[in-house]
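S.K.: Listed below, chain by chain, are the residues.
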Amino acid sequence: MGDSQPRRIEEFVAREIALALMLLALVLVQSALLLPTTLSPLLVLMLCRSLLVGPASASRWALYGGLSLDLMASSFLGTHTIALLSALLLPWWLLSRLSRSNWLLPILGVGIGATIYYAVLGLLTSWLVAPVPAQIYGLIVVLPGVLLALIPSLPVYLCMRWLEERRRGEVPIEIY
Amino acid sequence: MRDFARNRSSRLPRPTPYRSALLILAIFVVAVLLLIADQAGLLGPVRSQAVSLLSPVLQSLSRAREQLSGVSQGLTDVEQLNARIRELEAQVSQLESDRIASLALQQENQQLREQLAIEAKRPWKLLGVDVIARSPDEGRQVLLLGVGSEQGVEPGMAVIAKEGSSPETLIGIVEQVGPRSSSVLLVTDFASVVSALVYHENQNAQGIVQGRWQTGSRLSLEQVERSIPLAAGDVVVTAGLSAQFSADLPRAAIPKNIPIGIVESAQNNGHSQTAEVRPFVDPERVRYVWVILSHGE
Numbered sequence: 001m002g003d004s005q006p007r008r009i010e011e012f013v014a015r016e017i018a019l020a021l022m023l024l025a026l027v028l029v030q031s032a033l034l035l036p037t038t039l040s041p042l043l044v045l046m047l048c049r050s051l052l053v054g055p056a057s058a059s060r061w062a063l064y065g066g067l068s069l070d071l072m073a074s075s076f077l078g079t080h081t082i083a084l085l086s087a088l089l090l091p092w093w094l095l096s097r098l099s100r101s102n103w104l105l106p107i108l109g110v111g112i113g114a115t116i117y118y119a120v121l122g123l124l125t126s127w128l129v130a131p132v133p134a135q136i137y138g139l140i141v142v143l144p145g146v147l148l149a150l151i152p153s154l155p156v157y158l159c160m161r162w163l164e165e166r167r168r169g170e171v172p173i174e175i176y
Numbered sequence: 177m178r179d180f181a182r183n184r185s186s187r188l189p190r191p192t193p194y195r196s197a198l199l200i201l202a203i204f205v206v207a208v209l210l211l212i213a214d215q216a217g218l219l220g221p222v223r224s225q226a227v228s229l230l231s232p233v234l235q236s237l238s239r240a241r242e243q244l245s246g247v248s249q250g251l252t253d254v255e256q257l258n259a260r261i262r263e264l265e266a267q268v269s270q271l272e273s274d275r276i277a278s279l280a281l282q283q284e285n286q287q288l289r290e291q292l293a294i295e296a297k298r299p300w301k302l303l304g305v306d307v308i309a310r311s312p313d314e315g316r317q318v319l320l321l322g323v324g325s326e327q328g329v330e331p332g333m334a335v336i337a338k339e340g341s342s343p344e345t346l347i348g349i350v351e352q353v354g355p356r357s358s359s360v361l362l363v364t365d366f367a368s369v370v371s372a373l374v375y376h377e378n379q380n381a382q383g384i385v386q387g388r389w390q391t392g393s394r395l396s397l398e399q400v401e402r403s404i405p406l407a408a409g410d411v412v413v414t415a416g417l418s419a420q421f422s423a424d425l426p427r428a429a430i431p432k433n434i435p436i437g438i439v440e441s442a443q444n445n446g447h448s449q450t451a452e453v454r455p456f457v458d459p460e461r462v463r464y465v466w467v468i469l470s471h472g473e
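Chains as they are written, first to last, in the numbering used here: chain A, 1 to 176; chain B, 177 to 473.
Note that these hints are calculated values from the structure, not bench results. For every residue, glycine included, the Cβ atom is placed at its ideal position computed from N, Cα and C. There's no promise every hint is true.
[As the list claims (entries may be wrong)] For the chain A half of the interface with chain B, some residues (derived, Cβ under 8 angstroms), not all of them:
1. 31
2. 33
3. 56
4. 63
5. 74
6. 76
7. 101
8. 128
9. 129
10. 130
11. 134
[What the hints assert, rightly or not] Where chain A lies over chain B, by a calculated footprint (3+ residues, C-beta under 8 angstroms):
12. 201–210
13. 219–232
14. 303–313
15. 345–359
Here chain A stands alone, though its shape is the one from the complex (with noise of 0.2 angstroms):
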């Protein structure tokens, strides 16, 4: 019994490290394999994650995964987390009363989290590197973005659910 705490804490911080590095690991795949487009798979994960699990769990996505893409694209680190961060919230506060099992709730929340990911990241570039006409920047990197993201995001957003519904009925303190 007098362990118990510390066990507990061992084994949060190696979660936290396990899925910091599968993070990372997804990030130098999206780096260096995938080719040069605007799809972001972190970014379409991590908008599933909140809509089903809340943006709490899916907030320290943000942060790993966020590092980890300012370390690969040379921005100011934090950059990438507070895009991600804005683009979690927003989606899960308007979508909050739809069910976990409607299919819109996936296409209208990657779309309405990747308008704002590339929107805040535009304008955190904008202040932070060099302005861009917004009217084009839109055009060229947040329309495809959107498309390319809500491409995957019914498929992603299934399996994820699917894994989610599995994981939590192995565990007996969410059936009794």
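Knowing the structure of chain A, use the given hints to seat chain B on it.
M.R.: Just chain B now, with coordinates in the frame of chain A:
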């Protein structure tokens, strides 16, 4: 039920709405603090070390990408595919791996020959290197190289590349340098400004080449005086004056007369001329580049 009880005792408490909001707020504050610290230059060494640690992984992934792209390219051509099938039928696996190894050596040989040819023509000392990663989003046009200060790379150095029969072309400037890695800001990025000379018949005029990728094109040549009328086909090269435009760059870090691109169309806007410039080499497609370590000027 014993399992149930054990699971319950080993789980962390479920997050309440208050704790969730606190966590999100804490992460936001951490991100803002990191942003401020990085902008003040406090995190530069940490970032360099982190990128250097990741550099070997990125190089491995880059090699895997090269192999994958070779396979996909072959699949698009039916003749190549048939030849490839016949070849695979005729070869055992050992010979096949030898062939891939020899292809890599051949490519390296070709790259070194190109480097020697450039160094014979120009008084430059070059460092050839593979591109190991690109910017993962469209906010910035940046390449990551697997060489850094340990190999003599410094911020402000010019980075050139060749594509097919193109001349050796400026594709970017080294922006940040770690011990074994460096990032290159491409000339097509909107934050890139390079002084340039444009040759029209037997005359030349100075101007500025600015990146335009984020605004839908690639490069634009601006602030060219009216006395020399620009026309499609005029060649644009570096003027070697870029230190005037960015105080962070070492003086005269970009040598003169590195080809940049060719004028596609020109407009006269009253007091000066502007032109759309097509780069000789598409910076987004390059896989191998050279850093100009010294240029003897």
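S.K.: If a hint holds in the structure, say so; if it doesn't, say that too.
M.R.: We went through each hint and held it up to the structure:
1. 31: It holds, given that the least Cβ distance between residue 31 of chain A and chain B is near 4 angstroms, below 8 angstroms.
2. 33: This hint holds: residue 33 of chain A lies near chain B, its Cβ roughly 5 angstroms from the closest one there, short of 8 angstroms.
3. 56: Where the cut-off is 8 angstroms and the nearest Cβ of chain B is about 4 angstroms from residue 56 of chain A, the hint holds.
4. 63: holds (5 angstroms)
5. 74: Result: holds, 4 angstroms to nearest chain B Cβ.
6. 76: Status holds, d = 4 angstroms.
7. 101: violated (22 angstroms)
8. 128: holds (7 angstroms)
9. 129: holds (5 angstroms)
10. 130: Result: holds, 4 angstroms to nearest chain B Cβ.
11. 134: With a closest approach of 11 angstroms, the residue 134 of chain A hint is violated.
12. 201–210: holds (count 7)
13. 219–232: holds (count 5)
14. 303–313: n = 6 at 8 angstroms, threshold three: holds.
15. 345–359: As far as the segment 345–359 of chain B goes, the hint holds, because 3 residues have Cβ atoms under 8 angstroms from chain A.
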